[in-house]
Each structure stands twice: as structure tokens, then as C-alpha cells.
Amino acid sequence: MSVVSRSSNSLVSRSTLSLVSRSTVTKAALGPLAAAVLLVVLNTGAIPPYQAYSVGLAAIYTILVLSVNLLAGWAGIWSIAHPAFFALGAYFAAYGSTHGWSLELVLLGATGCAAAFGAFLGAAGARFSMLYVALLTLAFTMVSLEVMGQWTGVTGGDQGIPMEELHSALGLGTLASAGTQAQYLAVGAAGIALAVAAVARPSALRMRLVAAKSHPMAARSIGIAPEAQSALAFAVSAVFAALAGVLLALVVGFVSPDPFSLALAIALISACVLGGAGTLLGAVVGGAYLTWAPTVAESAGVAQPILQGVVLIAALLFLPGGVVLFLGRTARRLLRRPSARPATPVEPPEESPQRVPAPAATADELLRLEEIAVTFGGLKALEGASLSVRAGETLAIIGPNGAGKTTLLNVLSGLVGGGRVAGSAHYEGKSLLKSRATARRRLGIGRTFQHAETFPELTVLENVLCTRRRITAHDRDRAAELLDRFGLAHVADRYPADLPFGLHKRLDLARALAEEPGLLILDEPFGGLDATERALLTRQIVRQQEHGTAVVIIDHVLDDLFAVAHRVVAFDFGRPIGEGGPGEILDDPRVRSSYLGQGGTRDELPARHGTESPAVHLDAVDHAYGGVTALREVGLTVARGSVLGVVGANGAGKSTLGRILHGTLPPTRGRRKAADDLRTALVPEGRALFKTLSLRENLEVAAYAAGIRGAELRARLAETTQWLPPRLRERMGMPAAGLSGGEQQVLAIARALMARPDLLIVDEPALGLSPAMVDEVYARIGRLAREGMTIVLLEQSLGRAASACHEVVVLHEGAIAVRGVPADPTFLARAEQAYFDGQDDAAVPVPQG
Amino acid sequence: MDQFLLILVSGLASGAVYGLMGLGLVIIYRATDVVNFALASLATVGLYAALALNERGLPLLLAAMAAIVTTAAVGLVAREAVIRPLAQGELLSALVMTMGVSLIAESVISTVWDDQPRLFPSLVEGSVSLGSAAIPAQSLLTIAVAAVAMALVAYLFGRTSIGTAMRAVAESADTARILGLGSQRIARIAWALGLGLAALAAFLYAPRAGLVPTVLSAPLFRAFAGIFLGGLTSMYGAVIGGLTVGVLDNLAAGYVSAGYRDTFVFSFTILVLLIRPQGLFGVRTFQRV
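Respectively, the protein sequence lines represent chains C and H.
To convert, note that position 332 of the first sequence is 332 in my numbering; the numbers rise steadily by one, no gaps.
To convert, note that position 21 of the second sequence is 21 in my numbering; the numbers rise steadily by one, no gaps.
By construction, these hints were calculated from the structure, which means they are not laboratory data.
Nothing here was measured: the structure is a model prediction, and the numbers come from that model.
Here a beta-carbon is modelled for each residue, glycine too, at the ideal position from N, C-alpha and C.
Do not take every clue at face value.
[Stated by the list, open to error] Just so you have them, the derived chain H footprint on chain C, three or more residues with Cβ under 8 Å:
| hint | segment |
| --- | --- |
| 1 | 130 to 141 |
| 2 | 147 to 161 |
| 3 | 300 to 307 |
| 4 | 313 to 320 |
| 5 | 682 to 688 |
| 6 | 706 to 714 |
[Stated by the list, open to error] Across the chosen pairs, the derived CB separations fall in these ranges:
| hint | chain 1 | residue 1 | chain 2 | residue 2 | range |
| --- | --- | --- | --- | --- | --- |
| 7 | C | Met-130 | H | Pro-117 | 33 to 39 Å |
| 8 | H | Pro-85 | C | Arg-329 | 16 to 22 Å |
| 9 | C | Asp-258 | H | Leu-91 | 29 to 35 Å |
| 10 | C | Arg-669 | H | Ile-275 | 50 to 56 Å |
| 11 | C | Thr-174 | H | Val-77 | 56 to 62 Å |
| 12 | C | Arg-756 | H | Leu-91 | 53 to 59 Å |
[As the list claims (entries may be wrong)] Only part of the chain H face toward chain C is listed, based on derived beta-carbon distances under 7 Å:
| hint | residue |
| --- | --- |
| 13 | Val-82 |
| 14 | Ser-161 |
| 15 | Ala-165 |
| 16 | Val-256 |
| 17 | Gly-259 |
Starting from the given sequences, assemble the full structure and let the hints guide the process.
Here it is, written out as C-alpha cells:
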């Protein structure tokens with residue numbers, strides 16, 4: 001395939017593209033070519049008849065393994081039903097041949113039935129997890145085995161039925177069974193099947209299958225319906241299996257239930273695991289393995305199942321991905337081909353982004369939400385959300401963690417999952433809530449995801465291309481231009497896992513823009529990016545604004561957000577609380593306090609002398625998840641008997657710091673120093689109670705985990721129960737799921753106390769609680785502090801932390817921006833500043849006023 | 001009526017066997033995320049060992065203990081050798097791995113012993129007459145022993161600290177780790193317990209079915225149907241699902257056609273799952289971005 005390109009700026013990707021397409025033709029020709037060579041060799045008579053028969057069988061098993069293998073590798077469906085489809089084809093052929101059916105009728109009947117059953121299994125299976133699909137397909141094979149054994153009028157029962165010759169109704173000749181002609185036919189068919197698969201490999205069909213398999217939700221967001229994909233995939237795979245069955249009847253000349261047992265299903269799975277799921281060559285290896293494993297086992301003097309089991313286990317342990325992948329990697333290492341490190345990444349040209357002015361107030365309204373409410377079970381995630389977006393406008397939505405921002409985006413893209421949505425939403429005048437998630441892409445809505453949900457098994461280029469149903473040269477061109485624009489051209493044929501997080505997020509955005517949406521939805525696009533990447537992203541957003549694209553964007557990185565937004569809406573507790581321009585929204589006291597919180601009354605904390613010994617000390621600690629930096633150069637000392645507050649917006653690195661202080665998360669760099677006998681306990685964010693366990697059992701498990709047994713356990717249980725408020729004490733036998741959020745928080749703290757910790761770390765204790773409950777939880781934490789407990793409090797709200805702690809540090813993007821004591825009169829102003837932009841202006845003398 | 005009573009009792013006896021095996025599967029699955037396909041063949045290894053010991057003069061009751069211990073021990077060795085090296089959460093690899101273990105175990109049995117059918121002795125003989133129906137004593141024993149075993153399991157999980165800890169790990173391994181609960185210890189206990197229950201089921205089933213290397217594969221598949229029916233993660237569901245499958249299976253054999261019992265059982269299970277994907281006792285989970 002030639003690529004005609006009008007643009008001249010994508011040399012790298014264009015050469016990659018033509019390489020890919022040329023190699024596709026070569027690969028597609030390989031199968032038939034190998035088959036032709038094999039046929040010539042067979043024709044010379046150099047292979048003895050029995051071996052020729054085996055070659056025919058191997059060809060059939062290659063087709064069968066191919067059908068199972070590609071279904072597993074591309075669609076993610078591991079089928080145990082294929083022996084049944086194999087049998088379907090074989091019995092169709094044998095029965096038809098003895099009842100005067102023509103060749104065409106047999107082929108049409110067998111493939112038609114297989115496709116119908118396959119589509120049913122695929123569609124039903126898409127609703128379920130992998131295990132349910134296993135049961136569903138297992139059931140299919142079990143039932144087919146019974147039918148084969150019992151429906152003696154058709155199948156001949158255990159005796160089986162003979163296969164006669166098949167005549168073509170169109171006068172194409174006659175197929176004799178059990179002879180060289182059948183063997184040749186099988187070999188030829190295998191060659192063609194491999195060619196078909198090789199052509200399908202670089203097609204949109206495979207990309208969309210793989211996309212739907214690896215990330216159903218992201219697939220929906222680009223218009224791919226996983227159910228339809230898996231129904232189609234299963235139907236095609238079943239057709240191939242049935243054709244293999246017809247060939248089996250022809251080659252063997254006789255059909256009985258023996259070959260179609262569950263043992264075959266397991267053998268097929270072994271063959272796929274051994275060859276490598278999703279690889280064509282793997283199917284050939286698998287087919288050969290199935291054919292010759294009995295001979296090999298016999299000559300090695302072991303029972304065949306033992307050989308099969310050992311091969312299966314060894315393949316899983318030592319060759320994950322299969323023998324073909326392993327050999328390919330080894331070969332590359334031996335040949336020392338320079339590993340395809342990306343050359344110098346081509347960054348998009350530097351240009352300082354211009355602000356695009358907001359559209360005129362008269363601009364058309366593009367999106368209108370009215371009184372949207374979302375409930376998950378009994379939990380209200382969103383209520384009374386009304387807002388509108390004009391064409392070309394960029395709307396930013398801000399709010400603390402749990403305010404309902406992501407839920408709102410999911411309403412727009414139709415990915416609310418199990419939640420119930422009420423209210424109305426209109427996009428370009430059309431009702432949005434009634435259209436399915438997969439249809440919204442066509443309406444012109446594109447979105448990105450918080451964690452850049454790309455398709456890991458597709459290359460960067462394919463991630464963008466799979467948005468199209470059929471890929472034309474023009475599409476490839478446009479995709480190449482798009483990648484070029486995002487500075488991704490140099491990694492077009494790499495996989496997302498090889499990319500640093502920044503490029504990963506760029507790819508997510510490129511995919512959302514592949515079909516030039518009218519409304520672009522961005523879920524925390526700035527999160528986790530460094531300054532350079534953030535500047536690049538800002539330029540991309542500005543570019544879209546210049547094109548007139550409307551943008552809805554949520555994020556916690558406010559300065560970057562405000563740099564691109566025309567208008568800002570603030571949310572808290574699932575409803576809008578304020579609206580304004582980016583420069584003024586934080587002046588709204590309600591918005592400000594939703595972030596910073598109101599300082600409670602400052603309880604008396606035990607006095608400190610400043611000479612207390614340290615409980616834990618962190619020395620220049622860095623932490624990164626994958627390539628994403630969560631903490632940078634954090635140095636911190638927690639003194640015994642003190643209450644330390646760690647404050648920061650969502651994503652600032654608080655929970656990571658908590659886990660490192662707790663000792664359960666080893667830092668990537670730097671050291672944690674703590675006394676050997678220091679007992680620490682962590683109350684995780686969101687409580688993390690065992691919901692199905694009773695209150696008492698939640699406490700019991702914590703003590704058991706701390707190695708406490710018997711009478712001591714009962715004593716501690718009684719003691720901690722006394723610590724609980726009366727309304728919890730009366731319900732010790734009830735499941736924890738029945739508690740309110742505040743009660744859960746108190747119980748979670750009590751659970752941590754069961755281990756009698758010296759250091760207690762509490763992560764966001766106020767999250768999702770009503771103000772009254774927050775006060776009660778904080779009163780309890782204060783009492784623990786007065787009793788001498790060392791406490792680290794991870795808080796989103798600066799005000800709350802300031803009222804409850806001896807000392808506060810403010811985290812901004814993983815680094816400590818400010819530290820100080822709330823008693824210091826200048827501290828709060830400094831901390832507030834640092835909370836939003838990470839700047840500490842303490843170096844500048846603050847005028848006293 | 002008498003025939004119905006007979007079918008019902010034998011259905012409950014089969015169901016008790018499926019329920020015990022299903023309970024074993026669910027206990028292992030909840031604690032370790034492994035669907036243990038090798039459960040049946042490992043229990044069969046235990047049975048052959050018990051038979052060998054019994055033939056050398058060990059009383060049958062002690063031989064039953066030996067079957068349970070052997071099965072649990074072989075299973076633990078297999079887990080340490082081939083399942084633990086796999087990465088966490090590799091559901092499919094673990095399932096396929098246990099298929100491999102199962103192939104090897106069955107083959108070892110036919111090599112060490114042979115695959116000729118053998119008789120397996122029963123603790124009780126004869127039948128109990130109830131009205132005009134003669135109910136096999138073995139069926140009643142099966143139901144009684146299974147009921148006691150299930151009650152013990154319910155006690156273990158409901159009333160002891162270790163049982164509570166196992167339920168906690170099953171609900172959230174992450175939270176359990178934060179509390180400092182070692183999941184490997186819990187996993188080993190779950191494997192031993194699950195396999196022990198399977199060996200007990202096998203011991204109750206073998207006198208009726210006779211002993212061949214694949215004696216337990218049919219009950220294993222019906223136990224699978226039972227746990228899916230029950231919701232995959234629910235222990236009550238496993239027992240009730242197993243009993244349902246057992247009774248259905250025997251009703252189909254008695255009143256419909258002996259040749260189509262699997263068709264009947266599996267069609268019923270799939271139909272129920274199409275209507276209620278989470279099974280009878282499973283919990284529907286919400287999906288979120």
C-alpha cells in the first residue's frame with residue numbers, strides 16, 4: 001500500500017507506515033507460500049503416507065488453534081467451547097455426505113450454525129467476566145458431548161458415522177474423503193486461513209477488538225461497543241473452527257465423539273499458551289504440538305498428559321507470552337539489533353500560548369445540563385447540577401476531592417456505570433442522556449481520562465487509528481499528522497507502556513482529538529505532569545480553542561487551569577456552589593472555604609518542650625509510581641507526642657507520604673528512620689473498613705493481625721469498645737456497611753488503636769462527612785493527642801489542620817512548600833498562598849498590618 | 001411418591017458432594033484468587049492413597065483422615081511450586097496452571113495404580129427403609145457428614161479469629177496488608193481447608209461411583225455450576241448452588257432422560273445467570289472510571 005501524503009512534516013512516521021503495510025503483504029503471502037511448498041513436497045511422495053496423514057491433521061489443528069488463539073489474544077475470550085464447534089463442522093459434513101447434501105450446503109450450514117452459536121456466546125460472554133465465559137463455554141462443550149452421545153439417529157452415538165464424498169452443486173467437482181486430495185485441501189486451507197489472519201492483523205477490526213478487550217470503558221468513549229466486538233469475534237472464530245471440523249471429517253473419513261472431548265479443550269488452551277496468544281506463528285507451533293505431542297510422549301516414554309501438563313506449566317512459568325515471542329526476543333538479542341530507542345524526541349515548536357478570548361455572550365449554547373442528579377445505590381454523588389457551555393467556550397470545574405466533578409464528566413460521556421442519572425442534558429439541542437456512550441463520539445464529544453487510559457496492547461499509532469471503523473490511506477495520513485502535532489511521531493510504533501507518563505497523557509489527548517470533536521472533555525489533564533509537559537498541554541488546549549472547540553475541564557492544578565479557562569464553576573458536596581471568571585472565583589468565600597475549610601475551635605493540645613525524641617524521621621525521600629513522581633525531596637521529623645498536619649490539595653502526595661511514614665511503602669529514594677519498637681497504625685483514606693464484617697470483627701481482625709490472641713485479644717476488644725461512642729457500642733454485631741460515614745471513621749480509628757500504636761496516621765478523616773461529624777471525629781483525635789499519642793494528620797483542609805496540629809507542613813505537587821506552627825500569626829497567610837501555587841513568600845518580609 | 005423421595009434423597013446426597021467441593025473451590029478462590037481446577041484430581045490422589053493404606057489394614061476411618069491429609073499436603077506443595085511464582089491477580093494463568101497440575105496428577109495416578117475401575121469401601125452398608133422406600137445408608141451418611149462438615153466450616157468462619165481474618169483478606173487484601181495481616185499464611189490455610197473438604201467429598205462419593213482416575217471430574221463440573229449459581233464468592237451460595245444442582249441432576253435423570261443430565265443442569269445454570277449475572281447470592285459491583 002502506498003501512502004500519498006500532502007504534508008511534508010512526518011517523515012519518520014510515514015516511513016514506519018509504509019514499512020508496516022509492505023510487511024503486511026509479505027506476511028500474508030507467507031502462509032499460502034509455505035502451504036504451496038508443503039504441497040509440492042507432499043506431491044513428490046517424499047513423505048510416507050502415514051506422515052502425510054499427520055501433516056493433513058497438523059494443518060487442520062493449525063486452523064483450529066488459530067481460531068482459539070486469535071480469539072484469546074485479540075478479543076480476550078478464552079473459549080472452552082471450540083471442541084463443540086469443531087464437532088459441529090465434522091458431523092455436519094459426515095451427516096450431509098451420507099444424506100446427499102451438496103458441498104455448498106454443508107459449508108453454508110456448518111458455518112451458519114457456528115456463526116449463530118458463536119455470536120450468542122460472544123454477546124452473552126461480554127456481559128460477564130473471564131470466569132463466567134469459561135463456565136458458559138464449558139457448558140456448551142458438556143452439552144454438545146451429551147448430544148453427540150445420545151442423538152444416535154444423527155451422530156451414530158459412540159459408534160460414529162462414516163464420511164463419504166461430497167459433490168458440489170455448482171459443478172465444482174467432488175471431494176473424496178480419507179485420501180491425499182483431502183490432505184492437500186487441508187494444507188491449502190491452513191495456508192489461506194493464515195493469510196486471512198495476517199491481513200486482519202493490521203486492520204481496524206483487530207485494533208478495535210484489542211481496544212475493547214483491554215479497556216472497555218475507554219473503548220466506549222471512542223465509540224467501540226465491546227458486546228458487538230466480542231459477538232463478531234466469537235462468530236468468526238467459530239466459523240473457522242467449524243471449517244476445521246469439515247476438513248477433519250474429510251481427512252479422517254470417519255466421525256466419532258472421541259476427538260471432541262474436554263481434553264481437547266484443555267489441549268487447545270495449552271497449545272495457545274505454548275505458542276503465544278494472538279500470534280499467527282504461535283498457531284502453527286500450537287497445531288504442530290497438538291498433532292505430534294502423542295508421538296513425542298511415546299518416544300520419550302512418558303504418559304502424554306504428563307508431557308502436556310509439564311509443557312503447560314513450563315510455558316506459563318518460563319515463557320509468558322509464548323514460545324514465538326520468546327524466540328523472537330532471543331533472536332533480537334543475539335543479533336544485537338540496536339534496540340529501537342526513540343531518537344531525539346521531536347518537540348512541537350515553542351510558542352508562547354496566546355489567550356483565546358471567551359466567545360461572545362451571544363454565541364450558541366452547545367451544552368446544557370439541568371438539575372442533573374446521580375445516585376450510586378443510596379449514595380448521592382451529584383445533585384442539582386445545572387450548567388451550560390457555549391460554542392468555543394472553555395469551562396473549568398473545580399472543587400475538593402469528592403465534590404462530584406468526575407461523576408459530572410462521566411454523565412457527559414455516558415460512563416456512569418451502575419449509577420442512576422436524573423435530570424436533563426442537551427448537546428446541540430439533542431438529548432444526551434438517552435444516547436449510549438458509544439454514540440456520543442459520533443455526536444462530537446471526545447474525552448480524556450485522569451490516568452490516561454490508553455490501550456496497552458496497541459501501538460501509539462494504532463491507539464489513534466482504532467477510532468476509525470475502516471482505515472484508509474487518508475486516515476493513516478491524518479493520524480500521522482496528529483501524532484506529529486503532539487510530538488509522538490518518533491514513538492508511533494512503540495507501545496504505551498514504553499512511554500513516560502507525559503507522552504502517555506499526550507496520547508490520551510491525541511486519541512480524544514482524532515475525530516475533531518466539537519466538545520472536548522478533559523479529566524485532570526495537568527495532574528502528574530511536569531512544568532514542560534504542562535506548558536505543552538496548555539498550548540494544545542489553546543490550539544483547540546482557536547479551532548472553536550468547546551472544552552470542559554476539571555483539575556486540581558488551579559494555576560494551569562485558570563490560564564486556559566474562560567469561566568469557572570466550583571462544586572462541593574455534589575452541587576455547584578459558585579461561578580465566576582478564573583481571576584475572581586477564589587475570592588468567593590464559599591469556594592475558598594470548600595478548599596481550605598473553616599478552622600474549628602482550637603482545642604488545647606499538650607504543651608511541647610521541643611526536646612521530644614523523634615518517632616519517625618524521613619530523609620530526602622522521593623517516591624514515584626511508574627514514571628509519575630508523587631513525592632520530591634521530602635525531609636520530615638515527627639516528634640513523639642506531637643500532632644503533625646500534612647496539608648495539600650488532592651494529588652499533592654499526602655497519602656503516599658502517609659504510607660511511607662507508616663512503613664508499608666518503601667520510598668523510591670531516601671531513608672525512613674524509626675525506632676525498632678515503634679508501632680505505627682494507619683487509618684486509610686476512605687476508612688477502608690471490612691464492610692461485610694461486623695463492628696466487633698473489624699476490631700478483632702486488627703488485633704489478630706498484630707499477633708494478639710486469646711484473653712489478651714478479648715481484653716483489648718473490651719477496652720476499645722469502651723472508647724467507642726454508645727451508639728456504636730450497641731451495634732457491635734452489625735455489619736460495618738450499615739454505619740454512617742462518620743461512624744465508620746470513628747470505627748476505623750478504633751480499629752487502628754487495637755494494635756496500641758505509638759504513632760497514628762490518619763488520612764483525610766473528614767472526607768465526605770457532614771460538619772457535625774467532622775467536629776466529633778476531630779474531638780476524638782484531639783483527645784488521643786492529649787493522652788500522649790503521636791499523630792500525623794493528612795488533611796485537604798488547611799483550616800482544620802491548623803486548629804488541630806502542633807505543626808503543619810503544606811505539600812504542593814509532592815514537595816514541602818511551607819512548614820510552620822499555626823500559632824505563628826504570619827503562618828496561615830503563607831500556607832494559604834503555598835497551598836494553591838506552591839510559593840512561599842516568607843523570604844520576603846511580610847508587612848505587619 | 002416413593003420414587004420421588006428416593007430421587008430427592010439421592011439428589012441431596014449428590015448435592016452434598018457438589019456443595020462440599022464447591023465450598024472448597026470458593027474458600028480457595030476467595031483467599032487466593034485461584035480457581036482450582038486441580039481440586040478434583042488432587043482429591044483423587046488422596047483417595048487412591050487411602051485405598052492403598054486401607055488394603056494394607058488401616059481402618060477405613062483413619063484411611064479417610066489420611067486421604068484428607070494427603071490431598072492437602074500434595075495441594076500445598078503444588079501451590080508453593082507452581083502457583084506462587086505467578087504474579088498476583090493472574091486469574092487466567094493460575095486457572096490454566098491448575099489444569100496442568102490436574103493433567104499430571106491424573107496421569108500419575110494411572111501410572112502408579114492403573115485406570116481399571118476399583119471398588120471403594122463404604123463405612124456403612126445396606127439401606128434404611130422409610131415407608132416403602134429403601135434409602136441407601138451411604139446417601140444418608142453422605143448428607144449427615146457433609147452437614148457436619150459445613151457446620152464446622154460455618155463455625156470456623158463465623159466464630160473464630162482466624163476465620164474472621166480469612167473473611168477480611170477475602171474482602172480486601174489491600175486493607176488486610178495495611179493492618180499487617182500476612183496473606184500467605186491465610187492463603188495456605190485456605191488451600192489446605194479447601195482441598196481437605198474436597199477429599200472428604202471424594203471419600204463420600206467414591207463408594208457409590210467406584211474408583212477411576214477421573215472419578216471426580218463430573219462432580220467437579222457440577223460443583224462449578226453450583227458455585228456460579230450461588231455467586232462465586234459466597235460460601236452459602238456454594239452449598240445451596242451445589243444442592244440445587246444435585247437435586248436437579250437427579251430429577252433430570254429420573255424423570256427426563258438419564259442421557260441428558262448435564263444438558264439439563266448447565267442449561268438451567270446458564271439461564272439463571274443470563275437473568276441474574278451475579279448469581280443467587282453474589283453482589284453486583286459498580287464499575288467506575
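Subject >> Hints violated by the structure (numbers, ascending) >> reply: Numbers 12, 16, in rising order.
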